[in-house]
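Enquirer: Protein sequences appear in the order of chains A and B.
Going by my numbering, the residue at position 176 of the first sequence is 176; the numbering climbs one at a time, nothing skipped.
Going by my numbering, the residue at position 266 of the second sequence is 266; the numbering climbs one at a time, nothing skipped.
Accuracy of the hints is not assured; some may be wrong.
Here are a few chain A residues that sit away from chain B, every Cβ distance over 10 angstroms (derived from the structure) [unchecked claim]: (1) Arg22; (2) Gly25; (3) Phe30; (4) Tyr65; (5) Thr78; (6) Thr115; (7) Val116; (8) Lys124; (9) Leu144; (10) Thr165; (11) Ile234.
The calculated EDC-like cross-link candidates involving lysine to aspartate or glutamate, where the alpha carbons are at most 16 angstroms apart (straight line), are [as the list claims (entries may be wrong)]: (12) B:Lys38 <-> B:Glu21; (13) B:Lys410 <-> A:Asp41; (14) A:Lys124 <-> B:Glu397.
Stretch-level coverage of chain B by chain A, calculated; a stretch enters the list once three of its residues show a Cβ under 8 angstroms from a Cβ in chain A [what the hints assert, rightly or not]: (15) 382–395; (16) 400–407.
Hints are computed from structural coordinates only; laboratory data are not their basis.
Positions of the beta carbon are idealized from the N, C-alpha and C atoms, including for glycine.
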Amino acid sequence: MITAGIDIGSITAKAAVLSNGRILGSKVAFTGYNAQQAGTDVFDDLLKELEMDASSIEKIVSTGYGRNSVTFADKAITEIICHGAGAYYLNSEVRSIIDVGGQDSKVLAINPNGTVKDFAMNDKCAAGTGRFLEVMARAMESNLDDFGILSLRSGTPSKISSICTVFAESEVISLIAKGESREDIIAGIHESVASRISSMARRVGVKEPVMMTGGVARNIGVVRALEKALGVSIEVSEFAQVNGAIGAAVMAVKL
Amino acid sequence: MTETDKSKGSKEMQSAGKMREIMAGYYIDAKTAEQTGKKVAWITSGGPVEPLIAMDIIPVYPENHGAMIGASKMGADLCQKAEEMGYSGDLCSYARADIACSLVDGGPIGGLPKPDMLVCCNNICGTVMKWYEIQARYYNVPLFIFDTPFCHTEYADEAKKYVQRQVEEYVIFLEGVCKKRLDRDRMEEVGRLSVEAQRLWQAVLDTAMNRPSPMTCFDAFFHLALIVTLRGTQTAVDYYRSLLKEMEQRVADGIGAVPNEKYRLLWDNLPIWYRLRWLSEKFAAHDACLVADTYTSSWSMSLRYTKDEGSFLDSMGEGYARAYINIGVDEMIKIVLEMVDKYDVDGFVMHSNRSCKPYSLGQYDIQRAVQRERGIPSVIIESHMVDERSFSESQTETRIDAFMEMINQKG
């Protein structure tokens, strides 16, 4: 059976195609202003890449904040269930999932059969999300891709106490003025993100093996900082950013 | 509240029209009290109203008014006005809305009538003490503070004596303001009517034990008004007697509030007053019925402590002191688990209400206990009950959808 999943997030739209339990391909594109268009485009572009026709896709599930904008999907399922399904598909031993996206972070507890047991979301503010890192990378004049690697260079992270992303940016600027080292500040930024997420994770309960998903999982600095904060090792798949779309495709099989 | 979806059978309860009529009459009486020579007392929602009824004083509830403000979506503006006056945005949105309302005569009924006295019982929180002190200064009227010590697990002897002493002082206070004695026979009659109304209210809530449930917690939020405001009157008894009959008829006819009731849920904390229809439709679309809640049942919880012997005045203290949010979290957990079993509930929806610290503090512990003891899932949604600036629809929708998908997965 061939299914597709489309995950419309705040920053990026993702698509994935699954065929008889195998990932045929996936794609990431910017969501931009029009969620519906983003969903259509990322899906069409992926099909083109895979040299497939839309008619060969039997079922489509949409997820993410823009899930209800994907009018051609057969069903819309929340990203909580889809991230659970995706991570379980990638590693059925997984019992805790930490998903950090553009505008929210979530922690999921997974049952041995892959269903979601409990979840918590931090959707009240951008602290601890991709948006926070974007703002900080700009403030530090750093490339977002290098940001995580730079954070690993310091053994003495600066303390950033502000909860609010905007205030934290001001705090970072004053640290720069005080002469704290660039690596220390960047490390402090990553610790701040990890601290936000880890307290939420502890509330749900963390059970190993733990997997991190979502775009921010590509940031090695956050992964390491989270490992340190939680005292566990965290698995990151190459498909971390498209995990939601993969999970949606998995859920489509069950429709 | 149940005016939605007429296509699915008789959704609007007949009693609803009667309730609106009674509440309209009640507020008109309150606003014209000066002309009719009656006294008006502002009282907190958990305060001892029976002596007021017995003294023929009209009780007015700024908190009930706050709910009306929320339901009319006038909360954000009034709360903002209070902030302009210098009150913190973190304060209870009932308090902020009421304080601003007094100044501008805002809200859906043009403001509350000026009080002749204020009665503040802190069994619901400590904020009410400062709120009522503010209003006492503003209106320059006498204030009675009824101090109910926190009951962690028990109602200690010292607390009992302390509370009983205040009941006596309360009567003296009322007699002083009204310049007349309390008729003790009338007091017993009012006490009897109060207990009867509470029994009827609990019986109404108990009809939700049926499958399908004839009502949802959203109906309960609406029908709650009289047991809060006019407890101790014949009006309240008559109303709940007829509402009970209507519910029992719905049960006999197999009419469910949610047409395809598949999941039964328990609600915790106060309502999100400005989003009741949205919440009701959202859950109904998932075939979920919120069969019970910890809030509306609080007004019949004192039945646990009602004694058949002795005078009402002698025994009412314990019921007031042991209000649901004046007891320890362990005790709250016991009550929640009781309700989970009694109403045969599949999931727990907890409203983390920024406006109510005593109700919201300890919610994570309660959540954990419910998960551990009953294995049922729960979801937490956040807001300020009357200030819609703190509510985020998209985020709340995601949480509710994910929660229902989780319950669905369990099968």
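Enquirer: For each hint, tell me whether it holds in the structure or not.
Expert: Now for the hints, and whether the structure bears them out:
1. Arg22: Per Cβ check, arginine 22 of chain A is outside 10 angstroms of chain B; nearest 24 angstroms; holds.
2. Gly25: holds (26 angstroms)
3. Phe30: Since the minimum Cβ distance to chain B is about 20 angstroms, phenylalanine 30 of chain A lies beyond 10 angstroms and the statement holds.
4. Tyr65: violated (6 angstroms)
5. Thr78: Label violated. Min Cβ-Cβ 4 angstroms, cutoff 10 angstroms.
6. Thr115: violated (4 angstroms)
7. Val116: violated (5 angstroms)
8. Lys124: Given a closest Cβ separation of 7 angstroms, the condition is violated.
9. Leu144: Check passes; 25 angstroms lies beyond 10 angstroms.
10. Thr165: holds (16 angstroms)
11. Ile234: Label holds. Min Cβ-Cβ 22 angstroms, cutoff 10 angstroms.
12. B:Lys38 <-> B:Glu21: Answer violated: lysine 38 of chain B to glutamate 21 of chain B is near 21 angstroms, above 16 angstroms.
13. B:Lys410 <-> A:Asp41: Distance of about 35 angstroms is beyond 16 angstroms: violated.
14. A:Lys124 <-> B:Glu397: holds (13 angstroms)
15. 382–395: holds (count 4)
16. 400–407: holds (count 4)
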